[in-house]
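With our numbering applied, the sequence shown closes on residue 574, and no number is skipped along the way.
It should be emphasised that the hints constitute simulated quantities derived from the structure, not laboratory data. Note that the coordinates shown come from a computational prediction; the quantities given were computed from them, not determined experimentally.
Between beta-carbon pairs, the in silico distance windows are:
hint, residue 1, residue 2, range
1, Met419, Glu451, 34 to 42 Å
2, Glu547, Asp501, 38 to 46 Å
3, Glu469, Arg537, 17 to 25 Å
4, Gln488, Arg537, 27 to 35 Å
5, Asp436, Arg537, 29 to 37 Å
A virtual CB, placed ideally from N, CA and C, is assigned to each residue, including glycine.
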Amino acid sequence: MFEHELEGIYCAEHEIRDALENLESQVEHEDIEEAFRDHHEETQGHIDRLEEVIDRLSEPAEEEECEAIQGIITEQEHFAEEDPDQAVLDAFNLPAAQKVEHYEIAAYGSLAMLADRLRMDEAGDIFHENLEEEEATLEKLKDLAANFGYRQIAPD
419 MFEHELEGIY CAEHEIRDAL ENLESQVEHE DIEEAFRDHH EETQGHIDRL EEVIDRLSEP
479 AEEEECEAIQ GIITEQEHFA EEDPDQAVLD AFNLPAAQKV EHYEIAAYGS LAMLADRLRM
539 DEAGDIFHEN LEEEEATLEK LKDLAANFGY RQIAPD
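Could you build the full structure based on these sequences and the hints that come with them?
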């Protein structure tokens, strides 16, 4: 189970990193673009840390498609293809990014618990660090959504 979860988040982080590059170029609002750029850099850091864990395992992780993340990415791509107003697209991208964060939080929470149970202290520390960063990113995205998101498309 541990290896399966590790492979899942490792693949997901690669897909997220690539999708964030696309999102950075799609958004117009400077604060949202900055949040996606920061998340892109953070995601690369998560990949690097995950590779530290993978390097310690006897069997290398196999890269496969993460269907859950692919579903969120596909949903966002389909919406963008509808060519909505830029403010609407920016507002749509915020909850899409929040969905990704919820997935990552669940994955790292599970991996941290498993690592703790398996007495894999160094791996557990890495998962806890990634988890804390994901939780902070989610809060940042929530704040952006509250201060920008829907106000642009549905003013008071």
